[in-house]
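Enquirer: Model the placement of chain B on the given structure of chain A, informed by the hints.
Residue numbers (the numbering used here), protein chains in the order written: chain A, 1 to 685; chain B, 1 to 685.
Hints in this document: simulated from the structure, not taken from any laboratory.
C-beta: ideal position from N, C-alpha, C; glycine also.
Certain hints may be false.
[Stated by the list, open to error] The calculated lysine-lysine pairs, modelled on DSBU-like cross-linking and capped at a C-alpha distance of 35 Å, are:
1. Lys670(A) - Lys663(B)
2. Lys130(A) - Lys358(A)
3. Lys670(A) - Lys670(B)
4. Lys615(B) - Lys438(A)
5. Lys242(A) - Lys48(B)
[To be verified] Footprint (simulated), chain A over chain B, 3 or more residues, beta carbon under 8 Å:
6. 357-366
7. 373-383
8. 555-569
9. 649-655
Protein chains: 2
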Amino acid sequence: MMDKARKAASFNTYELTCLIHGGADIVKQRRAAFNRVEKLTGTLDPSKLPCSYGNMDREQAYDEGLEWGKAAFEDGITHKHTIFDNITPRYVLSNASPFGLTTVMFIPTLRLQATAEQRAKWLPLAESGKINGAYCQTELGHGSFVRGIETTATLDTNTDEFVIHSPTLSSTKFWPGAIGFSCTHSIVVARLIIRNKDYGPHLFMVQFRSLSDGLPLRGIDLGDIGLKMSYNGTCNGYATFKNVRIPRSDMLMGNASVSPEGEYKKSPHAKLSYATLVYVRTVIVRAVAFQLAQALTIATRYSIVREQGLGPNGLATTESALIDYKSQYYRLLTLTSKAYAILFASRTCDAEYAILRKQQDAGNHGGLPYNHTLAAGLKAWATQAASDGAEDARKCCGGQGYLMTSGLPEIVASVTATATFEGENYVLWQQVGRYLFKLIDTLADRKPIEPKMNYLADGWAHFSWMSPLATWRPSDGCVHVIHEPCSARGEQFLDANVQLSIYRHRALRLIFSAYTALRSSSLPPAEAWNEHMMNIINVARAHVEFVVLQEFVSHTSTLPASPMKTVLVNLRSLFALSTITNPASINAISFIEDGYLSLSQLSTIRDLVNSLLDKLKPEIVALTDAWDFTDASLCSAIGMKDGNAYETLMNWTRQIPINVNAKKDGGVYKSGWDGWIDPVLRARL
Amino acid sequence: MMDKARKAASFNTYELTCLIHGGADIVKQRRAAFNRVEKLTGTLDPSKLPCSYGNMDREQAYDEGLEWGKAAFEDGITHKHTIFDNITPRYVLSNASPFGLTTVMFIPTLRLQATAEQRAKWLPLAESGKINGAYCQTELGHGSFVRGIETTATLDTNTDEFVIHSPTLSSTKFWPGAIGFSCTHSIVVARLIIRNKDYGPHLFMVQFRSLSDGLPLRGIDLGDIGLKMSYNGTCNGYATFKNVRIPRSDMLMGNASVSPEGEYKKSPHAKLSYATLVYVRTVIVRAVAFQLAQALTIATRYSIVREQGLGPNGLATTESALIDYKSQYYRLLTLTSKAYAILFASRTCDAEYAILRKQQDAGNHGGLPYNHTLAAGLKAWATQAASDGAEDARKCCGGQGYLMTSGLPEIVASVTATATFEGENYVLWQQVGRYLFKLIDTLADRKPIEPKMNYLADGWAHFSWMSPLATWRPSDGCVHVIHEPCSARGEQFLDANVQLSIYRHRALRLIFSAYTALRSSSLPPAEAWNEHMMNIINVARAHVEFVVLQEFVSHTSTLPASPMKTVLVNLRSLFALSTITNPASINAISFIEDGYLSLSQLSTIRDLVNSLLDKLKPEIVALTDAWDFTDASLCSAIGMKDGNAYETLMNWTRQIPINVNAKKDGGVYKSGWDGWIDPVLRARL
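One chain only, chain A, in its complex shape (with noise of 0.2 Å):
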């Protein structure tokens, strides 16, 4: 059934792989890195039970990880690439290997925020893996919040020393990746402090441990916080502080800096230091495309080979295939689409913080407040979209979505995880829709924006020509003077422009209409905000939705002629009109609620949503197949790519350990039967 389906597909799947990844030269390499990884960790071999499902205790999970890590982290400075850098061999964020952290915030942090002696020193142990470094901001009682950290480093000019101390329960560092037993080193934020004046948090280079037996320092208390959902390769831990002493020169001072008497001179642009966190967040963007698309690949596949009932109504004689329900591939190509309006858009993504590091190198920090709003409204929407869609894909499973052999469970566990750390979401939202408001607010300056938010101009003067705010009812908080239906009939709704047109309409009106409520709210500043917050986080994800369906269309369209091209277009336009009428999309009502779609062209795009899933059907397996996931990446019995999930799943089930044990007593699980069952049979009760 399998290679009927892959058989299916109108385009060539290596060239859409190639596409993915960015070219033939980067899919061979990979693929040649994920097989000598592969094979380092004796994960190759299919039939052979991974280990991590035949049990999962706390010290077995971290020895996985460690040993994947290590494997991962050597190939890459051995083979000298950056392939595993972010993401581990399972396609989750490197964080979730004791030596990711290195990579995915050490090494980063010293490159934007060390002095040159700094890095000269630091950089080349970091990256030839002679310390191992960390990443210590978040704390018991603090976490998206960096200012309310309480962590202290006070400056001592007779010692021309910083002491590192933590003074309360609450200043507990919580969380931050292989602190618990892996890191050598840390980066540790704490509120510099010097003749009793809090300069508020600076980084601060800290050792944790020996490196010559691991031991943690003086001062020094380190541990773990024990089993998450996930990301339990790696030790996430707690460490206090007592008294803690550091050269003073172990401040990163690329930016502030401190003089042995205890001079501070503030950093020449305060928000660089936010250029680490656009990074991280742009690394989370195009990472949660993949997750979501590997728990589409395992789903997607067993679509294929799982039979289910007579067919939809139950009319057919002989049972069909999960994937021939319509709500099966709705759900499914619908994710699907919105895997590669993630990946389009952590393309732009990439490209914009690639022109904002040349343009900050040369001094000009001005792109700043627009591409920390974009990787923040993109981190948040992409995040939900992957998280909430993972788990619909394992839910598409089935039963045996829920049993951890599927793979399912640890992706969606994994990518969960990305909605809530560097920057919870709805913190995200808010960001944005502070950042276009201020942008609103110039508009009405009748000062220029940001050239990249030129839309929100061209609605400004459409809108203002049309009524000054002054005859505005924001009573009722909406706008209903930008209001015109629109015009498109039938396959109109299939023009790029038109969808466009669509999403721009919808961000625009919510925008200007919450834009004025709150402008024009009689509450204090802080209220009304609080008021009017669930339509701000609106407001703030019809941009970034309209922001993803215009890259989408940009990288889409760029594209020569091809049936692969055909496809893509397909897909989007299936991502653009499914996002109106998805009964799951988020806030659609927003779509329509002031009239801009009737019911009758609400129903033409049903119509045209339905025709683009026949359309697209025949390509799903070549449309998972693409991203070019190895079975031992994807570490499930349902989803391999030979579609044996059957024999797979009973051939790992009958090699998990208690069932292993159990048949060398006879098929009895001894301790428990006699320990709890056989009493219980016995009990006179």
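Expert: Structure of chain B alone, referenced to chain A:
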């Protein structure tokens, strides 16, 4: 902070506790039972790390399940109560216990489908725990589609026996609870074969294990299916049968029967076997209300004590509690309203089932289709609401919600299973749709329908009077004719009847529009069904949401006037109105796509939701306390009644074995350091 938040409530929490559990006596009995079991399992002391959080390998998880299961099962027998017949002391469905299937499936099935003699033989043994029963239906290749079951039971008239056999790999029984290592007997669903004639799936009593030593009987291969997302306290297992012989008299012949000569007597009412399904689904609906409430209890308490940021828009001078952010109490309170909505709906479901059983005992099975649909629809709706809601409550706790020690991952993982088992939700939605369309066929034939569904009859009268099917435009699949916009304004939207009218209009419009589109389709029936499947699912959901609101209204409006009633009525309005405007609501556009509600009416509804949220915010702790969860049943470091989240979290964390062991070595995880980290540091790469 907890005390202050607790005291803020306007009503008596205990009064609500009694309402939730059904009276003061039951509350008293439950508290005693939980206390006995928690004492017996050593989980009363909240300062002790629950063992499952230290480690969770396959064996330990099962051992813990055996201990809890035995304690709960025996407590029920000893103290003559049924508290733990359907849920564990952690509020998971009893199939999470190795002794739970006997009460939740085995005994109920015997009662419904065994003969008097069979009941007399088996029930006393099962009810006293002298045998431990299970229920074997699902196979590796066959889940919700029972007719696809492949296991055979062939009559051998020479020996007056049935031969139970697994003919294929896909016929392997896979998933049934407690069969891996725990059960002694099981009801097995197998195809009845007499003289090569296949009579389809029937039920057979099969002994799996020797009562003396627990060894599987000859020809039966049993084992565990391995780690799952949750339910690891029991041994969901696999079973294959190699020509296993049982007495002919061990087929459950309460309905269909087979004579020694092999004459088959049909069931008087084929659908009687559905009664078990209906029963189990009513149990699930009630259970998930409590599981969602568990997640909300933890998230609410943590949101009270957790501080994060400088308030809305960062304008405050001191850090604010999470609960003070609109997005936080919007999510928590709307989810709380859902938990109560599910609870009240389950009351109706239970009552209807009790009536059905009475009727069936009197030989009247007429109520089955209605009850089957009610239970199926509520199961699908409630399990989705509870799964999504529990996960969102978990996300409300940020990073801490990702820790096993928060208790939330386990709750989320166990509740999400209910969306899949005992009837996969997408299958159930379509059954509901089928039932609704059948009723309309009946109405079209001018015949009466089930009185409890009369809102359809009213809608039909209205609609058919306004336009005969002929004059329709099914092309765009919309009913235009029964569309009169909602006339409500301002506070009128707080009126239960206005709220009901909105839900009723939406349900009727979707039902009639989908019905017309389907019945007037030119496609073959199966293809037509597939073409419209997503709409049919929307139809079913809209109907069920109308029913849920109806029951929320009926259970609250009948209460005597009291502060508690005022709160519950506000909670009902919050449920009714936020379901329309909540960005996370499923298919909310169907409330407005026909223009039934205008933009300014939606704006009014959003304002009312805001004011309801502010009214209910002081009640939030009481509304979760009222469910009366013990600390041990929540098993959460951040959700204990006292609100000492950080103290408990750090206290538990330090007790985690990997930390305790590392401390003995001076703070290093020796094997990991020596085996993996040290080699990386020393490698010359």
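Enquirer: Check each numbered hint from earlier against the structure, then list the numbers of those it violates in ascending order.
Expert: Violated hints: 6, 7 and 8; rest satisfied.
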